[in-house]
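Novice: In case you want the letters, here they are:
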Amino acid sequence: MALKYDLQEVEVWDGNYAASHALRQAQVDVVAAYPITPSTPVVENYGQFVADGYVDGEFVMVESEHAAMSGCVGAAAAGGRVATATSSQGFALMVEVLYQASGMRLPIVLNLVNRALASPLNVRGDHSDMYLGRDAGWIMLDAFNAQEAYDMNLCAFRVGEHMDIRLPVMVNQDGFITSHTAQNVRPLSDEDAYKFVGEYVPVEEMLDFSRPVTYGAQTEEDWHFEHKARQHKALIDARPVIENVFAEFEKVSGRKYNRVESYLTNDAEVIIVALGTTVESARVAAQYLRDNEGIKAGVVAPRVIRPFPFDAIRTALENCKAIGAMDRSAPGGALGMLFNEVSAAVYTISSRPLVTNYIYGLGGRDLTMEQIKDIFRDLKKNVDAGYITTKIQQFIGLRGPKLEFFETRRS
Amino acid sequence: MVEIRWHSRAGQGAVTGAKGLGDVVSTTGKQVQAFALYGSAKRGAAMQAYNRIDDEQIITHEKFMLPDFVLVIDPALAFTDNITMNDKASTKYIITTHLGKDELVSQLPELQDKKDRVFVLDCMQISLDTIGRAIPNTPMLGAFIKISAMFELDYFLDRMKKVLSKFPQKIIDSNMQAIIRAYNEVK
Amino acid sequence: MSIGNVLGNDKRGRIELGAEKKVGWDEVTHGVVLHSFEDDATDVSSRKAEDRNYAQFSSYVATVASWRVIKPVYNRDICIDCQNCWIYCPDTSIISRDKQMLGIDYDHCKGCGVCVEVCPTNPKSLLMFAEAHNPEDALASWPEKKKKEEK
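Protein chains in written order, with our numbering: chain A, 8 to 418; chain B, 8 to 194; chain C, -18 to 132.
Since the hints were derived computationally from the structure, they do not count as laboratory data. Certain hints may be false.
[Unchecked claim] Ranges of calculated distance between the beta carbons of each label pair, as one might list FRET restraints: (1) 135(B) x 398(A): 27 to 35 Å; (2) 228(A) x 11(C): 15 to 23 Å; (3) 36(B) x 299(A): 26 to 34 Å; (4) 11(C) x 251(A): 32 to 40 Å; (5) 229(A) x -9(C): 56 to 64 Å; (6) 273(A) x 62(B): 19 to 27 Å; (7) 207(A) x 115(C): 55 to 63 Å; (8) 199(A) x 96(B): 46 to 54 Å; (9) 35(B) x 262(A): 55 to 63 Å.
[Said to hold, decoys possible] In silico DSBU-like pairs for lysine-lysine, Cα to Cα no more than 35 Å straight-line: (10) 95(B) x 388(A); (11) 194(B) x 49(B); (12) 258(A) x 173(B); (13) 37(B) x 202(A); (14) 398(A) x 70(B); (15) 49(B) x 202(A); (16) -8(C) x 235(A); (17) 387(A) x 303(A); (18) 303(A) x 70(B); (19) 263(A) x 70(B); (20) 328(A) x 303(A).
As the structure is a computational prediction, the values presented were derived from the model and not from experiment. Note that beta-carbon positions come from the ideal geometry of N, C-alpha and C, so glycine has one too.
Start from the sequences and build out the full structure, keeping to the hints where you can.
Specialist: Okay, structure coming up:
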């Protein structure tokens, strides 16, 4: 039986510490991990909680991130509640096993503390690793601050372990900007948190010797497509379940989350779509521009990156005129992911807002309030002109000559 | 919103200091943010830590700030770091040094027109005398409380004791002494 | 095949591998998890294979007999029950009980010939014959003990 942890009503926690307390409160059975900056404290703190008797679980030290996720797959298939954390290169090494975990429908919770991918080597925050994992068949939640890193972890267990879903869940938070920034966090009591997450109910667990099972079977063209299709449907069908879990969470915490978060969007003409801490910073800029320059600015953010909220994001953007899709990841010879996915969604509505793409913040480069305001001002110019006045893809906060690509064809 | 920038060396406790300040401030019902610019830096490398304090939830995440207070907890950084970077006409400086204020300012041209906003104390000596190690972050908190007038000293000490409650009594006592001495000595 | 299959229940080799019923995406198993047995298997390790209720996706139920071009024939009269073939068979197709070799599971034997290769007796207790070869004829035509070649 785990010891009770003494919590204040308001704690000052960084995102990592907040996440690790959520793992403790969920009484995670097994954490198999290979620590990497900036996610290290998530699993380090869990290990400390185990050593100090605050959680009745097992910390498994492994020799690589590939092994860490393999250990998680094994422990989850065996029938335990399982979690881990990683970042960047570690996540890249984990990728092969991520697809195994989702294909086997194992509800593992992975804290992905977003960090740039080498080369050049960089420990700071951008969304390269988050984007790398987006086709892995996991549910992906995004936290914009330390409080949400805590809240999303608790929700992640409920969502992933739901009997209609049974899929692994990633909880993203910005490396350093969230993970190492201490802010006021209001945790639930241990009792309330565990009651919300619920007792773990294993499915097809290997440790049930009365029903031996095979995990990781091989299928060729005769069966593979059906299995992947069923997995995709489980992901898409997770949408209402996630909404229900968020509604349940509001009842115990007072904090309301949505698959797509919208701020100041009711009458917004220009909207920034972003992920991570940028969402919050952009809210500050939007309010400033409303108060000082009469620009009707708003912010829309996918709280749930996968399943991609194609429906909800379309609704959120339906009445605006120009959208700035902000991608914090090197786009690798394409338009950014948010630009592509948001454009695809709004292409199916008749208003067809003008969408532009801003690449920013790579390797932890600061995104300043002034830069965000300038983006909104760009968008306003597009609205007034009725067409995209800038290049479609622009790099923001970059030294050297302006880097920008593609134009609207207007002839 | 009050914004604070700490100039420190990795290992001197600026992050702990910033988080400690955040812990204490949060108990007053205010919203805080404490973060640092570091990463793979080694012990001894120059680094900066930051605090934001506000009545509303703090949702800005830019690292850029125009600080209201600049806290320098390593004596040499006043000379080697750009401590006046992005300052305002009202920015107050608290600098740890064994020099007197006049002597310090005379050697730092960028501070000469800001002299009335510069405050000094020797956090290193205070921490050596009280805590027994060169941990200048705790004395700096005492000096900050005095200069900012954000809290009454007794109130701050009481909250700080709570934050340190998991440590042995001896450590709590020596930290309290360090804060009180710094509060009285900063000028 | 009169010498044929030993110790199998009526589920063994019932379906040609790959000829199982193909269901749609809405009916495939959760997480590609496959059950080994139809019913409670708590004491399954104390039961012999032929007494186990294997599930439809267990390879026990499938047969690969048609893959075989040549087959091993077993000669009880020569075998010394050394268990070499049982150890080496890559498809668990040697049936042995209480360290006594009983015969071959022709539902799963693919005719690779490893058992013949590792058989230490003289002459061999297992020999490969064409799939269509009558086992009784095979036994009748079994070779004599080989003499050491003179130098």
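Novice: Run every hint past the structure and note whether it holds.
Specialist: A quick look at each hint next to the structure:
{"no.": "1", "hint": "135(B) x 398(A): 27 to 35 Å", "result": "58 Å, violated"}
{"no.": "2", "hint": "228(A) x 11(C): 15 to 23 Å", "result": "21 Å, holds"}
{"no.": "3", "hint": "36(B) x 299(A): 26 to 34 Å", "result": "29 Å, holds"}
{"no.": "4", "hint": "11(C) x 251(A): 32 to 40 Å", "result": "21 Å, violated"}
{"no.": "5", "hint": "229(A) x -9(C): 56 to 64 Å", "result": "25 Å, violated"}
{"no.": "6", "hint": "273(A) x 62(B): 19 to 27 Å", "result": "25 Å, holds"}
{"no.": "7", "hint": "207(A) x 115(C): 55 to 63 Å", "result": "60 Å, holds"}
{"no.": "8", "hint": "199(A) x 96(B): 46 to 54 Å", "result": "48 Å, holds"}
{"no.": "9", "hint": "35(B) x 262(A): 55 to 63 Å", "result": "22 Å, violated"}
{"no.": "10", "hint": "95(B) x 388(A)", "result": "32 Å, holds"}
{"no.": "11", "hint": "194(B) x 49(B)", "result": "32 Å, holds"}
{"no.": "12", "hint": "258(A) x 173(B)", "result": "33 Å, holds"}
{"no.": "13", "hint": "37(B) x 202(A)", "result": "29 Å, holds"}
{"no.": "14", "hint": "398(A) x 70(B)", "result": "28 Å, holds"}
{"no.": "15", "hint": "49(B) x 202(A)", "result": "43 Å, violated"}
{"no.": "16", "hint": "-8(C) x 235(A)", "result": "30 Å, holds"}
{"no.": "17", "hint": "387(A) x 303(A)", "result": "9 Å, holds"}
{"no.": "18", "hint": "303(A) x 70(B)", "result": "26 Å, holds"}
{"no.": "19", "hint": "263(A) x 70(B)", "result": "27 Å, holds"}
{"no.": "20", "hint": "328(A) x 303(A)", "result": "10 Å, holds"}
In this structure, the hints that do not hold are numbers 1, 4, 5, 9, 15, in rising order.
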